[in-house]
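Chain order of the listed sequences is A and B. Residue 251 in the working numbering sits at position 201 of the first sequence, and the numbers go up by one each step. Residue 1085 in the working numbering sits at position 449 of the second sequence, and the numbers go up by one each step.
Some clues are possibly wrong.
[Stated by the list, open to error] To be clear about the criterion: a stretch of chain B counts as covered by chain A if any three or more of its residues have a C-beta under 8 Å from a C-beta of chain A, and this derived list gives those stretches:
hint, stretch
1, 888-894
2, 1085-1093
3, 1138-1145
Since the hints were derived computationally from the structure, they do not count as laboratory data. Only a predicted model underlies this, so the values are computations on that prediction, with no experimental measurement involved. For each residue, glycine too, the CB sits at the ideal point set by N, CA and C.
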Amino acid sequence: MNKTDTIVIGAGLSGLMTANLLAQANQNVLLVAKGVGTPVLASGAMDVLGFQPVDSRRPLENPLAALDDFLAEHPNHPYRLAGAEAIRRGLAALQRITAACELPYIGGPEKNLHLPTALGAVHPAALAPRSLAQGDVRRGGRMLLVGFDELRDFYPALAAENLNAQKLGVRAKSVTLPLPAPVDGKMNITPIELARTFEQRAFRRRLARVLNPHLKGFSRIGFPAVLGLHHHPAVLADLESELGKTVFEISALPPSVPGRRLFEALRDALLRAGGRLILGGEISGGEITAGRVTSLHLETANRPKLLSARHVVLATGGLFGGGLQSDAAGRVWEPIFGLPVAAPAERRAWFSAQFLAPHGQPIAGAGVRVDARLRPIDGEGRPLARNLYVVGEQLAGYSWTAGRTGGGVSLATAIAAVDAIINR
Amino acid sequence: MNRLSTEILVIGGGVTGCGLLFDLAQRGFKPMLVERGAPANATSGRFHGLLHSGARYAAKDAATARECIAENMILRKIMPHCIEDTGGLFIATPLDPSDYADQFYAACQTAGIPVAEISPAEALRREPLLTPDIVRAFTVPDGSVEAWEACRTLLESARAYGAQTMLYHEVTGLRLEKGRVAGAAARNRITGAAVTIEADMVVNAAGAWSGKIAAWAGCDVTVYAGKGTMVAMNYRIVNTVINRCAPPADGDILVPVGTVAVIGTTSVRVANPDDYPIEPWEIERMLVRGAEVIPSFKKFRALRAWAGVRPLYQEKQAGPDLRKVTRNHALLDHAALDGVENFVTITGGKWTTYRLMAEQTADIVCRKLNTHRPGQTARTALVPEKKRKYHTLGARQEKVETGQASGQLVCECELVTRSQIEARLAENRRSIINDLRRDLRLGMGPCQGGFCTWRAAGILHQSPTFSAAQANKSLVDFLQERWKGMTPVLWGAHLRQMLLDQGIYAGLLGLDKLPPELSGADSPRLAEIETEGYFLVKNEE
Ligand SMILES: Cc1cc2nc3c(=O)[nH]c(=O)nc-3n(C[C@H](O)[C@H](O)[C@H](O)COP(=O)(O)OP(=O)(O)OC[C@H]3O[C@@H](n4cnc5c(N)ncnc54)[C@H](O)[C@@H]3O)c2cc1C
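Input sequences plus hints: build the corresponding full structure.
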């Protein structure tokens, strides 16, 4: 068996990107993850910085231009370690990898897309797949939002009224239709099921027929994000020619179809680049001896198997992803290595009084503190293991809802970790 | 200024005030109720939900026990649609004083409470999650009661007799004329408009706030606020009310309510009945006590916590007997006590004994007004205006299964369908999410509304009376209200779920980024101002 250069734990955006970039740099990479990671819960768009100051309700035009101001107010944010250059490179890397998987991401670090949400608010994102990007409200004109009776998480009339009330220069109307065969009469349909149905040509034809009488006067037609799963580009192109209009998608509640597409694209890219993957595998513990991670325990059906590698990347997603655990006594811990965790000391300080707190919930900022090379550190700032790196949501110092920096952090810290591993 | 007048003014729309309004109206008076919020918004909707059999009090307070069992039997007859006959078990564990069980059994018998001892094995057969260490077990006729539905039916029935209700009106002072109370001043909490109400008689039924109201008439009524905290677990762990066979203490009762089970309570005196945060030790104690009777208790998730304030009447050292009709509640005639005419206070008691309290109060009112009108509430079945039997899960499941409630499941946990929400809207086009929560238990199940709240907002918006701004606002309010109940019990898997909800409402939907005039995020809570009160604003616009 050939020797593993790096084991990445976690299949969220940061883990998948780190693994991809290392594999592309000819490393022997193994990615181990318990579940499919958080992309399937997210919108599929990449937020770098959406609001600055973070309690502002005005979506930013240029995220990088506002970065210095943002960092002045959030000195412990991981962007401070990674830097603007890593954000740029991270976005470019994602564009490069997704383009090769026919899931091109549009945009860039200096101009946010202003995507409509399923509620009709504006979601500023630096990158988005073409299908979402085409919904940008600044393109103006008249758009028709289409919903389906059977899809219970998408209410286009509400989105349209909210969009119009904000006077964004776009006029939205909505229509909600029953789904045609073969899913007609179904009481509930999940987004993934509907996305698969959209892959049938005959279904799209039938849908186009019912939709056609409603299309007059609209330049763009918006759908919930269910336009195909594995054959999404073809579904989108076909629907556009069938309807004779620009078609876009709006992300709705999880499970997110755009998130699922992204996950699959990054997974396939990793396998193509020669990386190995164990999904459904849990790393239950790890040994740090003499300042190095020497082994990891992979749970298998009968007994833990020992894995080792020159480098280990912890991309386990913080409290949300399962990379941190918590209990009633107010303890927060990192279950694999028992790394020190930065978190508010007492449970009563975990939360703000507001559910939708503009600065995020204090507990959401819990995570592992790292040095400039993203290695976990002790109280004195000394690295605890020379070959262990932490990326993404697992990092301390930020709550992604504050200012909306989640995607950017994952991408930029993946870049920074890869630099640290390869320049060694 | 708006001037109104009535024969008898009842202050407070908890179960006591609602029950009194109905009783007075049925006796032929023209009463009016003022309540600063929605019916049962305070203690009467924030209690443990237990229809007491009286067994809990039998050993220490026979009078209360007798009242409870008598009222328990009456309420089962007059409001069957609000009561679930869960039955109750008293179980003694090795942690409980070993001599209590015999004393308990004898006291229940003396008080007339149907009590029967069953074997520990039989108790375990009925409730398999109970600790196998049970030493003794007894059955009693406890039940669980649907508070909102009960208060609502009482108000509807009172209105049918001509009573008036002024919801969302806060009493700000009493009108005194020559040593007698002649009415009250109130303020519309939605519009801010001032109202004066003239009345021949004023009854203070303001629960933990009754001391404050009495003071406005110069009467000294000492009512302490006793905070009690309860925790709902994510599963109907038991089907029977489980009590500890021991003297009353914290966390000794577990009540099955809908799809969840509620453990409670603590008991702490607080200075201010309007501000009583839940302390972490209270939650901890509930979980520890729960685990004493259900060993797997901590494996279940705590969903939400809430607290209510008991009105604890403090008797003065020397006082005429009249001031205290029973040891449980206090019925005070201020003419005899303080020389203030036309003013009566009713406070303390239990939810279970509300009817008796109302009846005794109405008797005094009759006596003071020199009229003889016997009460009939013990014999009058309370029928809701519309058949609203939504709140039992079994009823809903039956409908879903038999196809009567066809349509999408909006709330998986509580089996609420889209057609039920639409039916509720058709009946009262002013329902907002919080009403749906009360009527259908939407969002009250194990997932705590992460997904179904969004769906409900979308469905509400499709009704012609709902603008997007109103749908947004009910979403904001519901989430914020739920947040208050969740934060005391957020850790572990539940915390993870909450972080997902944050991601959905902030990251995916951008609810926090809608302009405030569109989301209502910066304006006062609408959820509280549901139904009548809310539309008061609209009508006046
Ligand atoms: C934690 C806890 C658990 C309990 N569990 C049970 C149980 O399981 N079974 C049981 O039988 N009993 C139980 N009880 C007791 C029971 O809940 C109360 O005894 C009962 O609800 C009191 O009702 P009330 O109408 O007197 O008071 P409240 O419900 O408090 O009503 C008083 C009303 O007055 C209004 N008000 C106050 N000031 C003003 C003003 N200035 N103007 C207008 N309105 C005003 C308030 O808004 C309130 O609605 C419990 C109590 C607590 C605290």
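Okay, the hints, checked on the actual structure:
Counting residues of the stretch 888-894 of chain B whose C-beta lies closer than 8 Å to any C-beta of chain A gives 0; at least three are required, and the coverage claim is violated. Only residues whose C-beta sits within less than 8 Å of a C-beta in chain A count toward coverage, and the stretch 1085-1093 of chain B has 4 of them, enough to reach three; the restraint holds. For the stretch 1138-1145 of chain B, the stated coverage by chain A holds: 8 residues have a C-beta nearer than 8 Å to a C-beta of that chain, and at least 3 were required.
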